[in-house]
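Protein chains: 2
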Amino acid sequence: MTGVAESATGSATELRQAELHASLGHPLAESMDFLNGVALRYPGAISFAAGRPTERFLDLDDVHRHLDLFHRHLVESYGGDQARANQQLLQYGRTKGIIHDLVARNLAADEDIHVDPESIVVTVGCQEALFLCLRALRRTPDDVLLAVRPCYVGALGAAQLADMAVLPVAASGSGIDFADLEARLAAASAAGQRVRAFYLVADFANPTGTSLDTAARTRLLELAARHDFLLLEDNPYGLFPADDAPRPPTLKSLDRDHRVVYLGSYGKTGLPGARVGFAVADQPVRTPDGRAELLADQLGRLKSMLTVNTSPLAQAAIGGKLLANGFSLRAANDREREVYRGNLRRTLAGLTERFPPGGGHGVSWNTPGGGFFLVLRVPFATDDALLELSARSFRVLWTPMHHFYGDGVPVAELRLSVSNLTHEEIDTGLDRLAAFIQSQTP
Amino acid sequence: MTGVAESATGSATELRQAELHASLGHPLAESMDFLNGVALRYPGAISFAAGRPTERFLDLDDVHRHLDLFHRHLVESYGGDQARANQQLLQYGRTKGIIHDLVARNLAADEDIHVDPESIVVTVGCQEALFLCLRALRRTPDDVLLAVRPCYVGALGAAQLADMAVLPVAASGSGIDFADLEARLAAASAAGQRVRAFYLVADFANPTGTSLDTAARTRLLELAARHDFLLLEDNPYGLFPADDAPRPPTLKSLDRDHRVVYLGSYGKTGLPGARVGFAVADQPVRTPDGRAELLADQLGRLKSMLTVNTSPLAQAAIGGKLLANGFSLRAANDREREVYRGNLRRTLAGLTERFPPGGGHGVSWNTPGGGFFLVLRVPFATDDALLELSARSFRVLWTPMHHFYGDGVPVAELRLSVSNLTHEEIDTGLDRLAAFIQSQTP
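If you're matching them up, the sequences are chains A and B in order.
Heads up: the first sequence at position 381 corresponds to 381 in the numbering used here, and the numbers run straight through without jumps.
Count along the second sequence starting at 1, add 442, and that's the number in the numbering used here.
Some hints could be false.
[As the list claims (entries may be wrong)] Here are a few chain B residues that sit away from chain A, every Cβ distance over 12 Å (derived from the structure):
| hint | residue |
| --- | --- |
| 1 | Ala487 |
| 2 | Asp543 |
| 3 | Ser614 |
| 4 | Gly615 |
| 5 | Ala629 |
| 6 | Ser631 |
| 7 | Ala658 |
| 8 | Ser770 |
| 9 | Arg777 |
| 10 | Arg788 |
| 11 | Ala823 |
| 12 | Val851 |
| 13 | Ala854 |
| 14 | Thr870 |
| 15 | Gln880 |
[Stated by the list, open to error] Negatives, chain B to chain A, calculated, CB over 12 Å:
| hint | residue |
| --- | --- |
| 16 | Leu771 |
| 17 | Gly850 |
| 18 | Glu866 |
[Claimed, not checked] Examples of chain B residues toward chain A, derived with CB under 10 Å:
| hint | residue |
| --- | --- |
| 19 | Leu502 |
| 20 | Leu531 |
| 21 | Ala601 |
| 22 | Arg743 |
Simulated from the structure, these hints should not be mistaken for lab results.
From the three backbone atoms N, C-alpha and C, an ideal C-beta is built for every residue, glycine too.
Chain A extracted, bound-state conformation (with noise of 0.2 Å):
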C-alpha cells in the first residue's frame, strides 16, 4: 500500500474512493474484503467458510493429458491439419467458444437438457456468464432483477456492475416463498420497474443449501412466462446430491417456452483453475429490422468488447475432460461426490452429537439434499466482530449470514461449507464451533 506521492508539479494523483463506482464502497465489497482478510488473519482456524472445492484429485498430469486428448481430437476434426488445430487452440479465438459443440454433448449426458450449441457461450467461469446477462437485461434503471434471499453473494456483485437493482424475493423451507414473490412481481410493476429475471440456484443453493422440488420448477416457469421475465439457472452443485434418490428435472430441461437462460460451470466438476463456465441463452431475439438471432449473439457480442475471447487453452483443458470421460462428468467427479457426501454426513451427524434434540442449546440446522452448505440456527445475531473473535479464540471460521442478505444487518445465522475439510478437522472444528457457540449462550 502506498499514501500520497508528492512530485515534482506539485500535483500528486490522489483519487477519492467516493468518486468511484458506488460499488467500491457499498457494504458488499467490505464484506468480500473482511471474509478473505479474516481467513488470511488467522491461518490456523479451521475454516467451515471457504466454499471451494475439494483439492485433493487436483493433478497436473491430468491437465497435460487433457490439453494433448484435446489437441489430437482438434487435428482429427481438421482431418489430420495440424497447423489448424493449433490455430484453435493457441490463437485468438471464436467469441462464442471452441468447446460448445461438447459442453452441448456434456449437457445433453448428464442433464437431459438438448439445446443447439450455437445458442450456448463458453466464458470466464459461470460469474462472466451471469454478468453478461445482466448487462444485456439492463437497459434502463428500471430493469430489475429478483432474486431469493439471502443469495449467492456473486450474483449481487455482478448486479452492481451492471448497476442493476435486485428485489429481494423471501426464502421458505422449500426454497421460494411463492406469495412474497407474487407481491414482489404486483410492487415493482406498481412502481413503473421492469422485472428482466429471477436468478436462482435451484439445486443445494448457496448459502441455504436448499433445493426447489418439482412442482415448485413447475410453477417458477408458468409465473416467468405470465409476467414476462427470464429464470437464469444457475446450477454449480448438481452433480453432487448426498444420496441417490431420484433429483428433480432442471429449468432448463422443463422449459418449452426458452425461457430459462441455464448458467453452467465447471469449476467445481471440471477443473477450478481453469476458469470455464458458460451460458445456455437460445432466447428469440428480434432486432429493428426484424432479423431473428439468439440472447446467446447478444452475450457473444457484449462479452467481445470484456474479455473478447475465453482463453482457449483453459477450454481445451475442459474439453479433454469432457473427451476422456465420453462427454458426462457424473463418474468422473464419483470421488468428489464422495468426499462432499462423507463430509455433510459427517457434520450432521457431528452437529446431532454436540447439539442433540432436546438440549435446550437453541441450535438447529438444515439437512441439505447436498451440495456443499448448510446453515446453522443460533440463539445470537452473528456478526464480523463475533466471526474474528470465533477466529481469535476458538480458531473457527464460519459466514455470518447477514454477507448473503446484502445489507449487513445481523441475523441469527450462520453458513457452513463442508467441501474442503477432512473427517479430522470437520471433528475437531466442530469442537471449536460447539466452544465458540455455548461461550455466546450463557
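Since the structure of chain A is provided, determine the placement of chain B on it from the hints.
Quick look at chain B alone, frame taken from chain A:
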C-alpha cells in the same frame, strides 16, 4: 438460429433487441459483426484486415514445458510443498493474480517500469483490464473518457459496456492534436463533464501505426496533472519496432505522480491462447473512513464480481514463459519481430512499386515505426459495401477506417494489417488491392 417457438402456455419468449443494453443495437456492434462476417464469407480472400499475431511459432509443446516450469517454480518457492503448489495452480485463486511478481520483473526488464507487485492486477487479456478501469472511474453519466480518434474499437466497446461517454480527440501526424485536446478539455468543463481518463496507445497505435515522441509524452503527462485525469496507456505492440533505433520511454516509466495506469497484454508477446493481460494501477485511493488503498485494490474488487480470478492455468503458461526467458520477452520474440518487420518492409515497398511517387493515382500512406498497422489514403470513401465488393470481386480484405471512428461515416482511408501474412500473400494481396483501387478510380 431459431425463430419464435410456440408453447403450451401460448406465451413464447421473444426478446426485442431494442429493449436490451444500448450497445447491442449500436453501429459499433454492427461493425464488429460485419467485419467478422465478411472474413467468413470470403475464405479465399487475402486478408489485410485481421490484426492477429503470427501463428507460425505457436507450439503446444512450449505450453507443456512452460506449465511444468511454473509448477516447479511454485514447488521451490513453497519449500517443496507439492500440495500447495498444486493448489495455487489448479484451484480458485488470488483475485489480483498469481504471477504478479513475475509480471513486475518483466516490466522492470523490458520497459524500465518499476512498481510494487501489489499494484498489478492480472486480467483476462488487456480488454478486461481496460473495462475494469472504466467501470471504476465511471460513477455518474458526467464521468467521461477521452480518446484519440480513430481509436481501437475495443476501447470504444469497453466504454459502452460501462455506459461511459467517449469524447474524441483529433489525431495529428505525430499522434495527438494538442490544440484539439485542450479545446475538448475546456468544452467538457463547460458542459459539467468530468474527464476521468485519456485512453491511448503510445507506440504503433491501432489503427494508425503512429507513435508519440518523448516531447508529446511529457506534454501529455503535464496536461493530465494540470487537469487531474489519468492516462490509460495501452501497450500491446511496443516490443515490435520496425528498426533498432532508440525508442521513447513508456509514459509509465516517465510517470512520477501515479498519473498513468499501464495496461499490458501477453496476447502478442506471450501466448494469444492464454488470454492474459494486466493493469498496473498504483494510484493512491483514499476511502471515506480515511484508509489509504491502491486503484489496483478497487480493480480487484470489481474483478472478483466479474471473473472471480484469471485462470491460474493460463497465468502459468505465461509465468513459465517469463521464467524460461529471464523475465524478458524481447529476445523471446526475436523471430516474431523479424516477421513483422519483414512484412511491413515488404508491404511498404510493394505499395511504392504499385503506386509510385508522382504517379497521379491519389494513393498515399504513412510509414509506421513498427507494429502491425498502416493507413492507406485513397481517392474515394471506403464503406462496407465497397469492402464486400473488394472481397467478392478482387479477393482482398482490408478494414474501412470508419469502423475506428465509431460513427459509421465513411472516410477516404483504410487500415492494412500486415501481422498474419506470408511474403507471397503480401505480394499477391497487393496486386489484388491495386486492382481494386484502380477499379474505383477511372
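Against the structure, the hints:
1. The claim that alanine 487 of chain B lies off the interface holds: its Cβ sits roughly 17 Å from the closest Cβ of chain A, which is beyond the 12 Å cut-off.
2. For aspartate 543 of chain B, the condition that its CB be more than 12 Å from all CB atoms of chain A holds, with the nearest at approximately 16 Å.
3. The beta carbon of serine 614 of chain B sits about 24 Å from the closest Cβ of chain A, which is more than 12 Å, so the claim that it is off the interface holds.
4. Separation of glycine 615 of chain B from chain A is adequate, the least Cβ-Cβ distance of about 28 Å exceeding the 12 Å criterion.
5. No beta-carbon of chain A comes within 12 Å of the beta-carbon of alanine 629 of chain B; the shortest separation is about 21 Å.
6. Every beta carbon of chain A lies more than 12 Å from that of serine 631 of chain B, the smallest distance being close to 16 Å; the non-interface claim holds.
7. No Cβ of chain A approaches the Cβ of alanine 658 of chain B within 12 Å, the least distance being about 17 Å, so the stated non-interface status holds.
8. Its beta-carbon lying about 21 Å from the closest one in chain A, serine 770 of chain B satisfies the requirement of being farther than 12 Å from that chain.
9. Chain A leaves arginine 777 of chain B outside its interface by the beta-carbon criterion, the shortest separation being 15 Å against a cut-off of 12 Å.
10. With a cut of 12 Å on Cβ distances, arginine 788 of chain B stays outside the contact zone with chain A, its closest approach being about 22 Å.
11. With 12 Å as the threshold on Cβ separation, the claim that alanine 823 of chain B sits away from chain A holds: the shortest Cβ distance comes to roughly 23 Å.
12. The claim that valine 851 of chain B is not at the interface with chain A holds, since no C-beta of that chain comes within 12 Å of its own (minimum 20 Å).
13. Here alanine 854 of chain B stays apart from chain A, with its beta-carbon at least about 28 Å from theirs, past the 12 Å limit.
14. Listed as a non-interface residue, threonine 870 of chain B keeps its Cβ farther than 12 Å from every Cβ of chain A; the least gap is roughly 19 Å.
15. Listed as outside the interface, glutamine 880 of chain B is consistent with that label: its C-beta sits roughly 33 Å from the nearest C-beta of chain A, beyond the 12 Å cut-off.
16. With a least CB separation of 16 Å from chain A, leucine 771 of chain B remains clear of the 12 Å interface cut-off, as annotated.
17. With a least CB separation of 15 Å from chain A, glycine 850 of chain B remains clear of the 12 Å interface cut-off, as annotated.
18. At roughly 16 Å from the closest C-beta of chain A, the C-beta of glutamate 866 of chain B stays outside 12 Å, upholding its exclusion from the interface.
19. Against a cut-off of 10 Å between C-beta atoms, the interface hint on leucine 502 of chain B holds, since the closest Cβ of chain A lies about 6 Å away.
20. At about 6 Å, the closest approach between the beta carbon of leucine 531 of chain B and any beta carbon in chain A falls short of 10 Å, and the interface hint on this residue holds.
21. Against a cut-off of 10 Å between C-beta atoms, the interface hint on alanine 601 of chain B holds, since the closest Cβ of chain A lies about 9 Å away.
22. Proximity of arginine 743 of chain B to chain A holds as hinted, the smallest CB-CB distance being about 5 Å (cut-off 10 Å).
Figure legend: structure checked against the earlier numbered hints; every hint is met.
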